[in-house]
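Peer 1: What follows is each chain in one-letter form.
There are 2 protein chains.
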Amino acid sequence: MIQSLHQDISDLDTGMEDKTEKVNILRLTAESTSEIEDTVVREFPLTIVLNDQELVTLLCSPADQKNLAVGFLYSEGLINGRDEVKNVTFNEGTGVVRVETEGGDVLAREALFSRLITSGCGRGASFYSATDVTGKKVESPLQVSVSAILALMKDFQHRSETFRATGGVHSAALCDTKNILVFNEDIGRHNAMDKVFGECLLKDIPTDDCLVITSGRISSEILLKVARRNVPILVSKSAPTNLGVKMAEDLGITLVGFVRGKRVNVYTHKQRINRGGI
Amino acid sequence: MIQSLHQDISDLDTGMEDKTEKVNILRLTAESTSEIEDTVVREFPLTIVLNDQELVTLLCSPADQKNLAVGFLYSEGLINGRDEVKNVTFNEGTGVVRVETEGGDVLAREALFSRLITSGCGRGASFYSATDVTGKKVESPLQVSVSAILALMKDFQHRSETFRATGGVHSAALCDTKNILVFNEDIGRHNAMDKVFGECLLKDIPTDDCLVITSGRISSEILLKVARRNVPILVSKSAPTNLGVKMAEDLGITLVGFVRGKRVNVYTHKQRINRGGI
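First to last, the protein sequences are chains A and B. 183 is the number that the numbering used here gives to position 183 of the first sequence; each next residue is one higher, with no gaps. 266 is the number that the numbering used here gives to position 266 of the second sequence; each next residue is one higher, with no gaps.
The reader is advised that the hints may include incorrect statements.
A pair counts as met if it fits within one copy or between any two copies, since identical chains are not told apart.
With a cut-off of at most 20 Å between alpha-carbon atoms, the simulated DMTMM-like pairs for lysine to aspartate or glutamate come out as follows [as the list claims (entries may be wrong)]:
no., residue 1, residue 2
1, K270, E35
2, K262, E35
3, K262, E31
4, K86, E100
Hints are computed from structural coordinates only; laboratory data are not their basis. A quick note: this is a predicted structure, and the numbers were derived from the prediction, not measured.
Turn these sequences into a full structure, and let the hints guide you.
Peer 2: Structure, rendered in structure tokens:
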């Protein structure tokens with residue numbers, strides 16, 4: 001089945017059935033044995049072909065593959081906006097997403113490999129703290145209250161059905177201060193965020209003055225993705241790394257971690273968090 | 001500071017101090033504000049140079065970098081045994097591990113990139129289920145009881161100090177049926193396992209007829225690492241993916257997941273699990 005961008009700009013949700021699989025297992029304790037049917041999450045090797053050049057294979061959850069491909073290409077700097085994307089097709093049989101862009105004969109494969117192998121080298125950690133990765137700091141007057149963050153996180157955690165069924169998936173979401181606007185989930189925390197940003201790009205959903213929520217740890221790579229989309233506030237139920245904190249500081253991003261129960265930790269750019277009730 | 005393999009074959013444990021960092025944060029609830037000092041886990045960009053050729057930069061925890069480099073090279077098939085490794089040095093200032101091997105002018109960079117970009121393509125998921133990735137199935141008469149697995153997991157969870165302090169680290173361990181033999185932890189679940197297997201390789205610790213425990217999800221990439229070391233039993237407190245289950249079946253590996261409380265799930269090659277008490 002080949003889906004074209006022009007027929008259907010974002011993937012249909014393929015539903016729980018396709019993202020998980022039933023397996024027969026033994027459930028054992030020291031005293032008892034039972035044969036039961038269990039649900040495991042599916043892992044799908046997705047190959048991205050950019051302008052007829054094979055670029056990379058990502059291991060991902062089998063849904064929203066076009067969003068993932070476009071989000072990945074954007075995060076890696078290989079495309080810079082919706083208008084560059086001429087066509088996106090997904091062939092489920094071969095597991096290949098083909099993306100065609102304007103001016104499509106750039107040396108993307110070499111550029112990507114070069115970034116993958118040289119990032120940090122020679123320059124060490126300094127690469128990761130430089131705002132020249134994205135070119136600019138995020139500037140936004142957005143303010144959000146602690147209560148709003150706690151409410152968004154509660155909604156976010158209710159949305160992740162696959163995680164609850166199988167215990168093996170990360171989620172990501174774009175939100176305004178009241179509602180989740182775009183939600184996705186994947187076996188990889190990077191993929192979940194690329195799927196959200198890919199949908200934003202393909203549907204022209206603005207991300208300035210928004211929040212992004214992730215279920216996963218906040219590392220330097222996650223900060224780079226968020227900065228590319230000019231998002232001012234990043235929220236996680238998990239912990240950041242020191243490099244995540246340093247990059248958030250340098251990139252002008254408000255970092256909120258360990259959002260659990262009724263409290264939050266604010267690591268950087270605290271002026272965007274309204275300490276009042278609502 | 002440069003450490004040579006000949007002076008010190010495995011890295012000294014650099015201790016908690018170096019794997020984490022203190023940061024000043026705001027802890028907020030809807031009603032209260034407190035400024036506190038919090039601990040975050042450090043993230044270190046480590047560049048691996050193989051025979052003077054820059055190969056890859058891994059984002060990792062800043063400890064046991066030589067074990068990580070050697071374990072990574074082994075997992076990726078770029079080295080095949082201890083005797084191929086002539087020298088390993090780590091320069092903390094530049095963040096570079098240099099590995100010299102016998103017959104060192106292989107096209108490692110091209111081989112690695114080729115694997116990273118072509119795995120799965122054209123062949124789709126079939127690549128991941130083929131035993132020809134590792135060349136053979138794991139054959140081992142090892143048997144272990146449910147009680148022993150539960151006891152090992154309890155010990156394993158007590159060992160991960162960094163995780164308890166910061167909530168951001170994965171652990172991996174090599175065990176016999178009674179004790180943890182090699183333990184490590186890292187911000188990445190792949191890195192934690194490569195650090196364990198790197199130490200095994202550098203110290204000539206055999207891994208046949210052993211168990212490996214991981215805190216992380218069991219995906220296809222983890223199965224490949226374990227199969228490379230001929231380990232017959234893989235144990236996790238987390239869930240496997242469907243591809244992880246399929247590869248374990250194909251590779252002859254006993255997969256035990258969701259080891260929590262007093263029960264375990266056995267997914268594949270159940271003959272190695274002794275259902276009796278001890």
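Peer 1: Give a verdict on every hint.
Peer 2: Now for the hints, and whether the structure bears them out:
no.	hint	verdict
1	K270 x E35	between (52 Å within a copy, 11 Å between copies)
2	K262 x E35	between (40 Å within a copy, 17 Å between copies)
3	K262 x E31	between (40 Å within a copy, 10 Å between copies)
4	K86 x E100	within (5 Å within a copy, 46 Å between copies)
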